[in-house]
Amino acid sequence: MTLTSLVQSFVYGLLTGGLYASLGIGFSLTWGSAKLLNIAHPTFSILACYIAYWLQIMIGMDPFNAILLITPLFFLLGIILYVSLIRLVCRAKDVTFTSMIFTVGLAVFLENLISFMWSPSPKVMVSQYTGASFIIANIHIPINLLLSFFISLALIATTYFFIYKTFLGKAVRATWQNPDAAALYGINKNFVTMIMFGLAIATGGAAGVCFALISSFYPALHNTWIIYLFIVVIMGGVGSVYGTLAGGMLLGLFNSIVGLFIPNSWLPFIVYVALIILLWVRPEGLFKA
Amino acid sequence: MQWKRYLKYGSIFWLAILIIFPFLRPPIYVLSLMFFIFFYITLVEAWNVVGGYAGYTSFGHTAFLGLSAYTVATFTKYFGISPFLIVPLGGVFASLLAILVGASCLKMRGPYFALATLCIPPALQIVFLNLEQTGAATGIWLPLLPFGIFEERALFYEMMLAITVIALITVKRLEESKFGLGLMSIRQDENVAESLGVNTTILKIKAFVLSAFITGVVGGDLCDLYNIHSSIHGFRYIYVHIYSGIGNTWRQGDLDWPSDRHSDPCGNK
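Protein sequence lines correspond, in order, to chains A and B. Numbered per the working numbering, the first sequence spans residues 1 to 289. Numbered per the working numbering, the second sequence spans residues 1 to 269.
Where hints are given, some of them may not hold.
[What the hints assert, rightly or not] What the simulated footprint calls covered on chain A by chain B, stretch by stretch (three residues with Cβ under 8 Å from a Cβ of chain B suffice, anywhere in the stretch; the number is not a length):
#1 94-107
#2 224-236
#3 264-277
The hints are simulated quantities; they were obtained by calculation from the structure and are not laboratory data. Glycine is no exception: its CB is placed at the ideal position from the N, C-alpha and C atoms.
Only chain B is shown next, with the shape it has when bound in the complex:
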């Protein structure tokens, strides 16, 4: 058990390094890059709850991301509340959508579930594209923060780091809990799990909502950094997951690279 202690102290050491990293005044580009690395790690962790442990391939998580980003932006625009305070509200809205989607779609299995969730992001995109309140095709432009660009990036870096650490701990705890075991039993054989008394429907919906909540919080945070647009962030983050192997907490992330598309300050696409 010696090495386990080293691992624990080692991770605290690396975490400390990551926390003080912005105070060393690295280039802004590196900060943005790290932001997106954390961003994808968190998204994939969230996806892993449904796609990895429960074995339900969801293509609909983009919708949660987008809905939450739009929620935060709309509240900021119309009620003038600080976007930092509403980030959890974005998660709540994403969870509400997840309850709706989960209750209807989680009955389906295999490719049918994937198909049903494949429809949700474009449907939501059309809603946002057509409503005047969400700025139609222009998107919503949020006011700039009152500091320089370096401080702003550093702030978002720290925020995303905090969210990532919380999400990692949550998912790791989930993996070791009874809830996680139930989800894994669903992945292995849903009928057997049901016959052994696992309430699969409730469990699946719970997992879906948890996953959507994390995705939503991340989406809200993203919207604070970039002005939002009815974008489809695409299936990119599901790929990060596929690369790293399904159902494993620690191995995700780090593979995706923020392309110029994401670093575009106008927030296009």
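Next comes chain A alone, as it looks inside the complex:
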């Protein structure tokens, strides 16, 4: 192993780490703010991949343009989903547990719907930059990956801006700290959660399309992604924007550095075992004291 391959995998890990973080950010926030554990979150990302794929096949739309279309579409989808189904789940006594069971079912349903509509075989999406890459001192950076990384960063920055700089975000944080007290001050918890959920699904969808540009995708892929999401979110601490970003980067680095030493097909095994160990040793996250 040379220094170049080490640096290459370091850079690659950092860039894919950004993607993991943007995939996990919505998941983390709904879990943190509304205690809503949405297992179907990556399934919506897969759905977004297939919609982008469809747009490309049907009308020849470039995936990067498709993201612009998919983000508002998925925001709307999230809101519709919240109003129609998730709102009922939120009334339960133990929201985390009930939503977990409910969304596992939703994920299975969506997976089979996607398989039914687009067949379960893996698909690949090509953009105008596929195959091109920057080469800096023998280190290759695919342009697709770089652009996806910047889009992910923009998604995370938008979420951060929404949570910490807007009035609605303040309401979200208030609900998060103490739902009853926030309701006493006139915050409509239902509305806040609805916006939060829509935002989560929108970021998840956009991140899914970014992911589809760097690797192939198939309907059952969400089973792998959900565990990656759990690692990212639990490492960073549930509901923390910075934590999710750091957790995503760490997971990306872990993946690409470990991938240098062991066969790639064994990589998810290591990751799953790492999650069990993480849950065992530090369930509250790496960064919280």
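Using the hints provided, position chain B relative to the given structure of chain A.
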């Protein structure tokens, strides 16, 4: 207490009908369907010990099913032992995995336990997919039994019926025993149970192992019928349970339907 006696005789009557059912030569499809009804009833009963009485939602039972099926198939393939004799061994292997998992994961509570167990089936799947000894992605093909397909199905029907009855009686006895009461106290409030002198750690691990053993025996039986494949049988059977209400012995099963996916003779998925 009159009706209770009727219930007892009634269940013996229905059991007798179920036992002689294959001798009436029903269509093979019906036999397979009944096999899967028993299959899901037993799995859900097993899951109920941990998920229902103790209140620990485990998503990892698929791993026990798969591990046991692979154990039985591997022993049959490499040592030539009849798979019928090794079915309990599948349960033992599943129990060993349960001890390992239980000792590490049962300390966690609530969603964290569910998450940790969610990781186990895919991790195990990757192991089976990558090892040459377990046939990698092709799976293991077991030799056919030397009878016609109807006799084979009838045999498996009777076997699964026996396992189901044994599992039902076990779980029902457990519900009425001190062990079951301890588990239910864990579900209601674990801290209080602990302060009242219930050894929750041992109890939880015991329940987990019992549950895994039943699941394992079922998995071994399934593998005899179908050639196995590194499948994830999915969360389907947990759903049967959710439909039927948590913590009740008699109301489970009968809701799930074997889709064509399971009836596929190639054993795909």
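Checked hints:
1. 94-107: Holds: 6 residues of the stretch 94-107 of chain A have a Cβ under 8 Å from chain B.
2. 224-236: Check passed, 5 qualifying residues.
3. 264-277: holds (count 8)
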